[in-house]
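Asker: I would like the entire structure built from these sequences, with the hints used as guidance.
Protein chains in written order, with this note's numbering: chain A, 340 to 491; chain B, 340 to 491; chain C, 340 to 491; chain D, 340 to 491.
If you're looking for bench data, these hints aren't it; they were derived computationally from the structure.
None of the values given here were measured: they were computed from a predicted structure.
Take these hints with a grain of salt, some might be off.
List of simulated lysine to aspartate or glutamate pairs, EDC-like, C-alpha gap at most 20 Å [to be verified]:
{"no.": "1", "chain 1": "D", "residue 1": "408", "chain 2": "D", "residue 2": "355"}
{"no.": "2", "chain 1": "C", "residue 1": "408", "chain 2": "C", "residue 2": "434"}
{"no.": "3", "chain 1": "B", "residue 1": "422", "chain 2": "C", "residue 2": "355"}
{"no.": "4", "chain 1": "D", "residue 1": "422", "chain 2": "D", "residue 2": "435"}
{"no.": "5", "chain 1": "C", "residue 1": "408", "chain 2": "D", "residue 2": "464"}
{"no.": "6", "chain 1": "C", "residue 1": "408", "chain 2": "C", "residue 2": "464"}
{"no.": "7", "chain 1": "C", "residue 1": "394", "chain 2": "B", "residue 2": "355"}
{"no.": "8", "chain 1": "B", "residue 1": "394", "chain 2": "C", "residue 2": "355"}
{"no.": "9", "chain 1": "C", "residue 1": "408", "chain 2": "D", "residue 2": "410"}
{"no.": "10", "chain 1": "B", "residue 1": "408", "chain 2": "A", "residue 2": "434"}
{"no.": "11", "chain 1": "D", "residue 1": "408", "chain 2": "C", "residue 2": "410"}
{"no.": "12", "chain 1": "A", "residue 1": "408", "chain 2": "B", "residue 2": "438"}
{"no.": "13", "chain 1": "B", "residue 1": "408", "chain 2": "A", "residue 2": "459"}
{"no.": "14", "chain 1": "C", "residue 1": "408", "chain 2": "D", "residue 2": "442"}
{"no.": "15", "chain 1": "D", "residue 1": "422", "chain 2": "D", "residue 2": "442"}
{"no.": "16", "chain 1": "B", "residue 1": "408", "chain 2": "A", "residue 2": "483"}
{"no.": "17", "chain 1": "B", "residue 1": "395", "chain 2": "B", "residue 2": "435"}
{"no.": "18", "chain 1": "A", "residue 1": "408", "chain 2": "B", "residue 2": "459"}
{"no.": "19", "chain 1": "A", "residue 1": "394", "chain 2": "D", "residue 2": "355"}
{"no.": "20", "chain 1": "D", "residue 1": "408", "chain 2": "C", "residue 2": "438"}
{"no.": "21", "chain 1": "D", "residue 1": "408", "chain 2": "D", "residue 2": "435"}
{"no.": "22", "chain 1": "A", "residue 1": "408", "chain 2": "B", "residue 2": "442"}
{"no.": "23", "chain 1": "C", "residue 1": "422", "chain 2": "B", "residue 2": "355"}
Now the stretches of chain C that chain D is said to cover, found in silico as 3 or more residues with beta-carbon under 8 Å [what the hints assert, rightly or not]:
{"no.": "24", "segment": "375-389"}
{"no.": "25", "segment": "400-413"}
For every residue, glycine included, the Cβ atom is placed at its ideal position computed from N, Cα and C.
Number of protein chains: 4
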Amino acid sequence: MDIGNRSLLPMPFNYDRTVHFADTDAAGVVFFANYLTICHEAYEESLSASGINLKKFFVDNGIVIPVVKSEAEYRRPLACGDKLRVSVQPAFLSDDSYEIRFEITRLGAVGKSAARIRTEHICIDSVTRARKALPVPISDWVREGWPEGVTL
Amino acid sequence: MDIGNRSLLPMPFNYDRTVHFADTDAAGVVFFANYLTICHEAYEESLSASGINLKKFFVDNGIVIPVVKSEAEYRRPLACGDKLRVSVQPAFLSDDSYEIRFEITRLGAVGKSAARIRTEHICIDSVTRARKALPVPISDWVREGWPEGVTL
Amino acid sequence: MDIGNRSLLPMPFNYDRTVHFADTDAAGVVFFANYLTICHEAYEESLSASGINLKKFFVDNGIVIPVVKSEAEYRRPLACGDKLRVSVQPAFLSDDSYEIRFEITRLGAVGKSAARIRTEHICIDSVTRARKALPVPISDWVREGWPEGVTL
Amino acid sequence: MDIGNRSLLPMPFNYDRTVHFADTDAAGVVFFANYLTICHEAYEESLSASGINLKKFFVDNGIVIPVVKSEAEYRRPLACGDKLRVSVQPAFLSDDSYEIRFEITRLGAVGKSAARIRTEHICIDSVTRARKALPVPISDWVREGWPEGVTL
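Answerer: Encoded structure:
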């Protein structure tokens, strides 16, 4: 397939995760807010895989990059012991913000989409709350999926 | 459409809550997914206030009413000890589904909106996963915001 | 000091709490680690009731007072919607450490003890990790249960 | 007592885990109750590795095996991104109960013990709450660490 000389979409990062007992609630399945927590873990693993030091990134060091929006579509219940794959696909919204699209797939003989989640992140000064350009390692991470010149 | 003198929106239920240490993360403020957990608590308190037995409601008893969508706009950080008020405003989407709009206000000399969250809930048979009409106590709860004497 | 016939033990602080859905797990009852989280909430409310600013207390401000030990006896399962009362009884272990004894009671026609939990806390310099004397507001809080001159 | 040529202690199961942002609190490190949650994950992985179906095990299926006691010694703070190894060492207390000893090690150039945790579990009928003998797959799991004939 000739798609020109670069990818239109980044290759997603995949994070594999087993559903833990603590993720579930009395309905027997993962509590809805914990789908977002699981996606955040995948985001952390993706940052870490690109060389970002989580210990420094996720504390207030002058700039912070909070989640300002989230949207989630919960498509299938998930039970303790289920094996999941979470794909992580970031994209720029501006020079100081990005979105991440996550898909949680329940693995099995046939993988089934269990949730689609989207988060928005804005880089701000932690004191003034004014918007700030993304630090280079983060903008590199957002861009990482589009490696220039790669033909798939 | 002539809606005469009736209310357009139900009166919201309010739930007051202090931010706990366990709600926070290493950035010093409430973890984004926990805003949704706090809203779910408010939903539970609202159901309980209308006479619904939570012990029976939130377990699988043939029908379940899972959250199928959520949208959240995180507007302000929340710190341990902050006093919150969460308003809960349900509305029918169909005879087997409803939405809830939540607003989290950080109380103080001047209350500040800290988040707006919306969830969608669909009533299904827990075995077949087919849609089922809402049980009467739940549809009463959704309608409850329209107090007696109001003509819709 | 003559303490005459007054109590050797402080009057406990009581914190009332409803069990939330997010506290539970797929066994239908509160996840064991969340009993400790509920006790920590009670500890926070007790500190707050004695005038301590939680926003400042629970962040690293040169000294930190981490939990260094916990012991828990889980005596009864707790379900979503259960009403709880948590008693909080602190006591000095030394001039730089204290313990807290918690009892979680499930309220009802007859209250039932649901858990007994004990935590140990040591005050340390957050950089050197060396032990430091408790700050006055905290030692006042530990002592608070022994109101001078009260005969029980 | 002559125990011949076999081990007094089972070989522990090891579970590797990265500290996630959601595990931490506003003090910048893992919230104390979450050490127990991390140990429970290790317990689940150990059960799963011995062929036990978690989906069936951790729901109420006539018998339940709740945690009835826990003891924890928190020895070192853990930050987001820290790599952990959790060892899991079960032992019988009776024919209807067992304990598990966990050690959480923070990995690095030199591994450091971060916590020691012990839990007690009793098998009961979920309706009558009467004690019941452990199901065979579980007693096999408890025993598993003592491979016959192994000399340490």
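Asker: Run the distance test for residue 408(C) versus residue 434(C): straight-line Cα separation, threshold 20 Å.
Answerer: holds, 17 Å
Asker: Compare the distance between the alpha carbons of residue 422(C) and residue 355(B) with 20 Å, and conclude whether the hinted pair is satisfied.
Answerer: OK: residue 422(C) and residue 355(B) at ~16 Å, within 20 Å.
Asker: Are residue 408(D) and residue 355(D) close enough, with their CA atoms no more than 20 Å apart?
Answerer: violated, 24 Å
Asker: Decide if the proposed pair is consistent with the structure: residue 408(C) and residue 410(D), CA atoms, cutoff 20 Å inclusive.
Answerer: holds, 7 Å
Asker: Take a quick look at whether residue 408(B) and residue 459(A) sit within 20 Å of each other, Cα to Cα.
Answerer: Distance of about 16 Å is within 20 Å: holds.
Asker: Next pair to validate is residue 408(A) with residue 438(B); report whether the Cα-Cα distance is within 20 Å.
Answerer: holds, 18 Å
Asker: Between residue 422(D) and residue 442(D), does the CA-CA distance stay at or below 20 Å?
Answerer: holds, 14 Å
Asker: For the pair supplied as a hint, residue 422(D) and residue 435(D), is the alpha-carbon distance within the 20 Å limit?
Answerer: Cα-Cα ~35 Å, so violated.
Asker: Keeping to a limit of 20 Å between CA atoms, is the pair of residue 408(C) and residue 442(D) held or broken?
Answerer: At roughly 14 Å apart (the allowed maximum being 20 Å), residue 442(D) and residue 408(C) satisfy the hint.
Asker: Verify the proposed pairing of residue 408(B) with residue 434(A), using a straight-line Cα cut of 20 Å.
Answerer: violated, 29 Å
Asker: With the threshold set at 20 Å, check whether the alpha-carbon distance from residue 408(D) to residue 435(D) stays at or below it.
Answerer: holds, 15 Å
Asker: Has the given pair, residue 408(C) with residue 464(D), been kept, meaning a C-alpha gap of at most 20 Å?
Answerer: Measuring from Cα to Cα gives roughly 31 Å; hence the hint is violated.
Going down the numbered hints, you'll see the structure goes against 1, 4, 5, 10 and 16, while the others check out.
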